[in-house]
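Residues in the sequence shown are numbered from 2 upward in steps of one, following our numbering.
Hints listed in this document are in silico derivations from the structure and should not be mistaken for laboratory results.
One thing to keep in mind: the hints can contain errors.
Computed spacing ranges between beta-carbons, pair by pair [as the list claims (entries may be wrong)]:
#, residue 1, residue 2, range
1, Glu56, Gly114, 48 to 56 Å
2, Arg213, Gly174, 18 to 26 Å
3, Gly190, Arg82, 25 to 33 Å
4, Met137, Ser111, 20 to 28 Å
5, Glu124, Gln228, 22 to 30 Å
6, Leu257, Glu124, 26 to 34 Å
7, Pro136, Val255, 17 to 25 Å
8, Phe43, Pro18, 38 to 46 Å
9, Phe102, Ile45, 40 to 48 Å
10, Asp214, Glu30, 49 to 57 Å
11, Phe47, Leu98, 34 to 42 Å
12, Gly114, Gly234, 24 to 32 Å
13, Met39, Ser135, 50 to 58 Å
Values in this document were obtained by computation on a predicted structure and should not be read as measured data.
For glycine and all other residues, C-beta sits at the position ideal for the given N, C-alpha and C.
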Amino acid sequence: MRIIDLSSPVDAAGFEPDPVVHDVLGPKEAATHMSEEMRDHFGIDFDPAVLPEGEFLSLDRLQLTTHTGTHIDAPSHYGTRASYRDGPPRHIDEMPLDWFFRPAVVLDLSDQGTGAVGADVLERELDRIGHTLSPMDIVLLRTGADAWSGTQKYFTDFTGLDGSAVHLLLDQGVRVIGTDAFSLDAPFGDIIGRYRETGDRSVLWPAHMIGRDREYCQIERLAGLDQLPVSRGFRLACFPVRIAGAGAGWARAVALLDEDE
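Can you build the whole structure from these sequences, using the hints too?
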């Protein structure tokens with residue numbers, strides 16, 4: 002089996018609207034920290050000087066949102082409405098794991114430019130690759146935006162979906178839609194510009210707003226979809242980190258292909 006990584010890293014060196022803070026305790030600092038923790042929490046005294054070079058295990062501390070790097074949005078991210086079920090929308094730790102290990106298909110939107118594309122564009126791309134969607138297929142959108150990851154342009158220039166495109170996929174039984182862009186919706190500037198021009202509220206983040214009435218998940222900030230040798234006929238594994246009560250969870254998304262592909 003061939004495994005292709007489709008994940009973008011969590012990198013404090015790159016540009017993020019919500020900056021990532023990554024502090025590292027080296028092995029010597031961590032040894033002192035471990036000694037203090039043992040004393041304060043468990044009443045155990047231990048001198049780290051007896052360790053080789055006075056070192057123990059390094060420790061990383063991160064401050065970031067669950068929407069940094071490749072991640073999966075849960076239904077609770079979209080708002081408090083869950084008109085499709087009794088009770089509130091589900092958090093990421095409540096989602097069924099079998100949603101995230103499924104056959105996948107890549108739709109190429111790299112020629113579409115900045116803005117939102119509709120159902121007609123997805124239908125043409127499905128026809129071009131000769132694929133009929135099956136329930137629970139994972140649909141991945143290759144926009145090419147991952148080329149700008151780590152820069153401000155990554156957040157302002159990419160292709161998203163409009164409401165008709167999202168409904169098209171959900172109507173076919175898709176429950177997970179992924180993109181290599183910052184968002185499944187169009188960029189903020191494009192959305193606000195169209196709203197100011199038309200006064201049409203339906204252009205305000207439709208891909209996310211639809212999640213208030215139809216249960217599904219988004220994988221945002223994928224990378225390397227252009228490395229896949231095929232557009233279909235492979236499986237995607239993208240299990241989200243189990244964060245209790247969270248609206249999203251980081252994921253290591255990988256494509257699994259037969260060796261002859």
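| said: Quick check on a hinted range of 22 to 30 Å for Glu124 and Gln228, using CB atoms only. | reply: holds (26 Å)
| request: Indicate whether the distance between the beta carbons of Pro136 and Val255 respects the range 17 to 25 Å. | output: Because 22 Å falls inside the window, the suggested range holds.
| task | Could you see if the CB distance from Arg213 to Gly174 stays within 18 to 26 Å? | result | holds (19 Å)
| task | Confirm or reject the claim that Gly114 and Gly234 have a C-beta distance inside 24 to 32 Å. | result | Distance hint for Gly114, Gly234 holds at roughly 29 Å.
| Distance restraint evaluation - Phe43, Pro18, Cβ atoms, bounds 38 to 46 Å | Holds: the Cβ-Cβ distance is about 40 Å, inside 38 to 46 Å.
| query | Is it true that the C-beta distance of Met137 to Ser111 lies inside 20 to 28 Å, as the hint says? | reply | holds (26 Å)
| message | Quick check on a hinted range of 34 to 42 Å for Phe47 and Leu98, using CB atoms only. | response | With a Cβ separation near 40 Å, Phe47 and Leu98 satisfy 34 to 42 Å, so the hint holds.
| query | Given a hinted range of 40 to 48 Å, is it respected by the beta-carbon distance of Phe102 and Ile45? | reply | At 42 Å between Cβs, range holds.
| Consistency of beta-carbon spacing, Glu124 to Leu257, with hint 26 to 34 Å | holds (27 Å)
| query | Is 49 to 57 Å right for how far apart the beta carbons of Asp214 and Glu30 are? | reply | holds (50 Å)
| Between Glu56 and Gly114, is the Cβ distance one that fits in 48 to 56 Å? | Since Glu56 and Gly114 have Cβ atoms about 52 Å apart, the given range 48 to 56 Å holds.
| query | Between Gly190 and Arg82, does the beta-carbon spacing fit 25 to 33 Å? | reply | Once the Cβ atoms are compared, 26 Å apart, the range 25 to 33 Å for Arg82 and Gly190 holds.
Violated hints for the displayed structure: none, as all numbered hints are satisfied.
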